[in-house]
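2 protein chains.
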Amino acid sequence: MNRIGRSAEYTLIDGQSGFAIAFAGMKFDEKDLALLGSRFDRAKTEMARIEAGEIKNPDEKRKVTHFTDRIGYPQSALFAEVENFASEVRSGRITGSTGKTFDALVVNGIGGSALGPQLMQFAVNGPYWNELDREKRGGNLKLYFLDNTDSAEFADLLRVMDPERTLQLVISKSGGTRETKNNMIAMEAFYASRGLDFSRHAVAVTMAGSELDRHARSGGWLKVFEMAESIGGRTSETSIVGHVPAALTGVDFKKFLAGACAMDVWTRTADPERNPAMMLAAMWYIAGNGKGDRNMVIVPYSDRLVLLSRYLQQLVMESLGKELDLDGRVVHQGLNVFGNKGGTDAHAFIQQLNDGRDDFFATFIEILADAKAIDLGDQVRMGDYLHGFLEGLSSALLGKGRQVIRISIPKLDEFSLGQIIALYERSVAVYAEFININAFHQPGVQAYKLAANGILKLAAELRDGLSKIAPVTGPACDIASKLGKAEQTDEIAGLLDKAALNTDAVSREFDASSGGWIYTVK
Amino acid sequence: MNRIGRSAEYTLIDGQSGFAIAFAGMKFDEKDLALLGSRFDRAKTEMARIEAGEIKNPDEKRKVTHFTDRIGYPQSALFAEVENFASEVRSGRITGSTGKTFDALVVNGIGGSALGPQLMQFAVNGPYWNELDREKRGGNLKLYFLDNTDSAEFADLLRVMDPERTLQLVISKSGGTRETKNNMIAMEAFYASRGLDFSRHAVAVTMAGSELDRHARSGGWLKVFEMAESIGGRTSETSIVGHVPAALTGVDFKKFLAGACAMDVWTRTADPERNPAMMLAAMWYIAGNGKGDRNMVIVPYSDRLVLLSRYLQQLVMESLGKELDLDGRVVHQGLNVFGNKGGTDAHAFIQQLNDGRDDFFATFIEILADAKAIDLGDQVRMGDYLHGFLEGLSSALLGKGRQVIRISIPKLDEFSLGQIIALYERSVAVYAEFININAFHQPGVQAYKLAANGILKLAAELRDGLSKIAPVTGPACDIASKLGKAEQTDEIAGLLDKAALNTDAVSREFDASSGGWIYTVK
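Chains A and B, in that order, give the protein sequences.
For the first sequence, this note's numbering assigns the number 1970 to the last residue and increments by one with no breaks.
For the second sequence, this note's numbering assigns the number 1970 to the last residue and increments by one with no breaks.
Quick caveat, the hints were computed from the structure, so don't treat them as lab data.
Predicted model, so just to flag it, every value in this text is computed and none were measured.
Any given hint might turn out to be false.
[What the hints assert, rightly or not] Straight-line C-alpha distance at most 25 Å; calculated DSS-like pairs for lysine-lysine:
| # | chain 1 | residue 1 | chain 2 | residue 2 |
| --- | --- | --- | --- | --- |
| 1 | A | Lys1848 | B | Lys1897 |
| 2 | A | Lys1702 | A | Lys1859 |
| 3 | B | Lys1897 | A | Lys1820 |
[To be verified] Computed beta-carbon distance windows for the label pairs:
| # | chain 1 | residue 1 | chain 2 | residue 2 | range |
| --- | --- | --- | --- | --- | --- |
| 4 | B | Ser1962 | A | Ile1519 | 26 to 32 Å |
| 5 | B | Val1778 | A | Ile1519 | 48 to 54 Å |
| 6 | B | Thr1546 | A | Leu1580 | 20 to 26 Å |
| 7 | A | Asp1645 | B | Gly1540 | 55 to 61 Å |
| 8 | A | Ser1929 | B | Lys1509 | 58 to 64 Å |
| 9 | B | Leu1846 | A | Leu1606 | 57 to 63 Å |
| 10 | B | Leu1483 | A | Leu1580 | 57 to 63 Å |
| 11 | A | Gly1453 | B | Asn1901 | 25 to 31 Å |
| 12 | B | Ser1622 | A | Gly1586 | 41 to 47 Å |
| 13 | A | Lys1970 | B | Ala1656 | 54 to 60 Å |
| 14 | B | Ser1962 | A | Asn1505 | 37 to 43 Å |
| 15 | A | Arg1454 | B | Lys1916 | 26 to 32 Å |
| 16 | A | Asp1610 | B | Ala1525 | 44 to 50 Å |
Glycine residues also receive a C-beta, built at the ideal position from the N, C-alpha and C atoms.
Please model the complete structure; the sequences and the hints are all you need to start from.
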């Protein structure tokens, strides 16, 4: 097969939407695909089991329904309830505690509850949505996020937030997610400090019976929307989690779901070589020897998709980065994802892709239709340059023996964003079958949460202990010893550093002779 | 050495500023450092040569002066000129073409000209600066960027930009950078279309005698600030490139330079084991076997530092990703950088770091002082959780045999940002000496620019050729053959796709039998 025949053979196109994905720039041949035969078969079988509602997350003993729930969701009562709620907020039939029309939405949630809505907002409404006046926003709400437990993020929000005109959306499946809970507690306290009734501003998305569900219902919040147990955070953008922020910011969520479902149909194609998710997963597998030996570099040639690499980082790495396979063998799997926007970042990290380590494959995503026809003379438009940079880089990389996948989309909108997300969701699930792991749990996150709780427990013990030995002055190791916790000197030093900068009870001074800190506890 | 002794031994602290960096979580011992002896010596010698003004970028035959220019810059006439200009803009002594006070700044520049100012703006002024009213901004300007050749970015800006009150800053060393030039041409045309005099809104930062310098001077722009030839884009944040946007947005640039210079002093320490840049570069070298075998994962526990990983991606990968070493041997060097913000992204890609591939080392950056004391009950504040998550993750990773570097900073401000940037600048230069490469050129970027120009040339040939054979209908391979360019079928298909979505001259229809597009050229 010559180069041109290869391009035709390994480019898959959805004629109806124009979505195209080209694999010819990857290093593989029919023999490699044939070797994947049994894996393709297994993935097909297992994907069918997922879609039939069998238990596919054995640890957590739950179904995985994000591929199928979205089919019927637009016709559901819940969907209509969300759209009605958004419409009542827009029209001012539902107002805040002081009777003012809502003008802004704060989404308090982390992981998938933030990354998905952030990607959607940036892609559909653009980077300056919050600076548009209400009319240009079509009466929809400005959008802010609280997605960490960083007091700087909270303080920054307060500088621009009008509490009377802001709707507070708390998204947490369990209600126990600490970052989200912290921001909720802080926001409730802030409203109370202003003499405002928080409940008239508050909406929850959570699982029925969860801690948040009980809290919101007993507090008389404006609305509680129920989310399914069977949808994980990193695959929740096509569920109620994505829907509520979308509806309140004027995003056509039905169109988004239509795009996702169209991709689901396409990625159920029986012939793996005609199935874009099977082929995409096969490329990952072949390029990385089934072990993620190459990094996945995501380069959308579209400013509005700048958050895509961050979104996919979560989807791919949280799903595929696993210690054990399904048979309990230690495998330390994973697939690194990073990226940034093309063409401009070509002047940045692409120097290394061109000339440096051959340890990656690039995925370029092109939006064919220019947002604006900007003439630059000589019959060339701004968008032609963007295309030229993409084609030029692709050609330079291939010339150096590097590997490239190319996705081409006619237009960036809710539909095509739905296609992209659904394609990667299924490719991740397929790849997980190839390597025999559970893509739907996250044991490493639990482990680290436990460790974090240990530190908070130590902090409480330290407070108690210090009150007994204070006043005291010395390096961390002395103080730790006096507390009978010498083996936790490092952790205690960290807590003392934190206390020294944030409380009056502790101060620290640099000791040049030892090169370390001397702490004084009052 | 026990664990606690090791922590003390390998934590370097600058007592005056409180900046601390801890290497004990990396896998190395004294023997490894001893093996680096000759490399430490070489780096010391070469850094001294750089700072003495010798030619250290042999291909481009230029000096490298970003480490030294910043010492005297605050006392220079240029510095005063920038500050005066900013002050006159703020006070309204300098206004736009219609006499209105400037209220916004557009920075048109890519690579270092965008990433540095973006990092600075986000870190110092926060995410919502543009939404603050003029008073809260202290009379300083809102800040926007044009950093690509994407018409969507330009269109998005126009939706919020008031041209009469906007200052247009064009930053390009040569003036030939295509993305920047495109945005400049487009903006000039936009001002002309509104009957506004662009020159009364325009400021340039460029090299004396450059294409942009000539253009701006002949056009009578408000100001042209000169940048030195000896400062590369990715190390230009402490130069005039960083200064002009900073001065216009109320950033204390003198304080920023003081931080950078303080770090420069510290990183000139003769004993490599007491020198944070030498040690940081040594960690990269040892962890990655001198070949970048481990990815550098940057995790700032600070929302306002969310852009740091993107900034460092450019600084590190463009500097270190090289095909040839200084002796002309093929080495394909590099060091992958990616990251995101902690703690929230712990629920995302950190699943893989904990459990998956052991192919990275993490760098955590902590800001000790909380931006706001937010009480969450039980004597715990929001910032304590952030600390707990950092400590917990660090401990979980170390428990799994992963590697961690920790940086701790009392407070995030201009000074500490200067320290961070200067530390990484010098570590990159030192590491480049360890591996014998030129850190200051970017041949791969030139190669790709040439390839991009080839595509634009082909596009022009295609327009001419098509006009001779039109009307024509067929797949890309047929059309390419008719044009005598069969071997460029792929590139021509790409151009036809682009034309089909953006012009009336070309249309395309999907052909189910071949699975490809049939193009019609009028």
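These are the hints, each one checked on the structure:
{"no.": "1", "hint": "Lys1848/A x Lys1897/B", "in the structure": "holds (15 Å)"}
{"no.": "2", "hint": "Lys1702/A x Lys1859/A", "in the structure": "holds (17 Å)"}
{"no.": "3", "hint": "Lys1897/B x Lys1820/A", "in the structure": "holds (24 Å)"}
{"no.": "4", "hint": "Ser1962/B x Ile1519/A: 26 to 32 Å", "in the structure": "holds (31 Å)"}
{"no.": "5", "hint": "Val1778/B x Ile1519/A: 48 to 54 Å", "in the structure": "holds (53 Å)"}
{"no.": "6", "hint": "Thr1546/B x Leu1580/A: 20 to 26 Å", "in the structure": "holds (23 Å)"}
{"no.": "7", "hint": "Asp1645/A x Gly1540/B: 55 to 61 Å", "in the structure": "violated (43 Å)"}
{"no.": "8", "hint": "Ser1929/A x Lys1509/B: 58 to 64 Å", "in the structure": "holds (59 Å)"}
{"no.": "9", "hint": "Leu1846/B x Leu1606/A: 57 to 63 Å", "in the structure": "violated (36 Å)"}
{"no.": "10", "hint": "Leu1483/B x Leu1580/A: 57 to 63 Å", "in the structure": "holds (59 Å)"}
{"no.": "11", "hint": "Gly1453/A x Asn1901/B: 25 to 31 Å", "in the structure": "holds (28 Å)"}
{"no.": "12", "hint": "Ser1622/B x Gly1586/A: 41 to 47 Å", "in the structure": "holds (43 Å)"}
{"no.": "13", "hint": "Lys1970/A x Ala1656/B: 54 to 60 Å", "in the structure": "holds (59 Å)"}
{"no.": "14", "hint": "Ser1962/B x Asn1505/A: 37 to 43 Å", "in the structure": "holds (41 Å)"}
{"no.": "15", "hint": "Arg1454/A x Lys1916/B: 26 to 32 Å", "in the structure": "holds (29 Å)"}
{"no.": "16", "hint": "Asp1610/A x Ala1525/B: 44 to 50 Å", "in the structure": "holds (45 Å)"}
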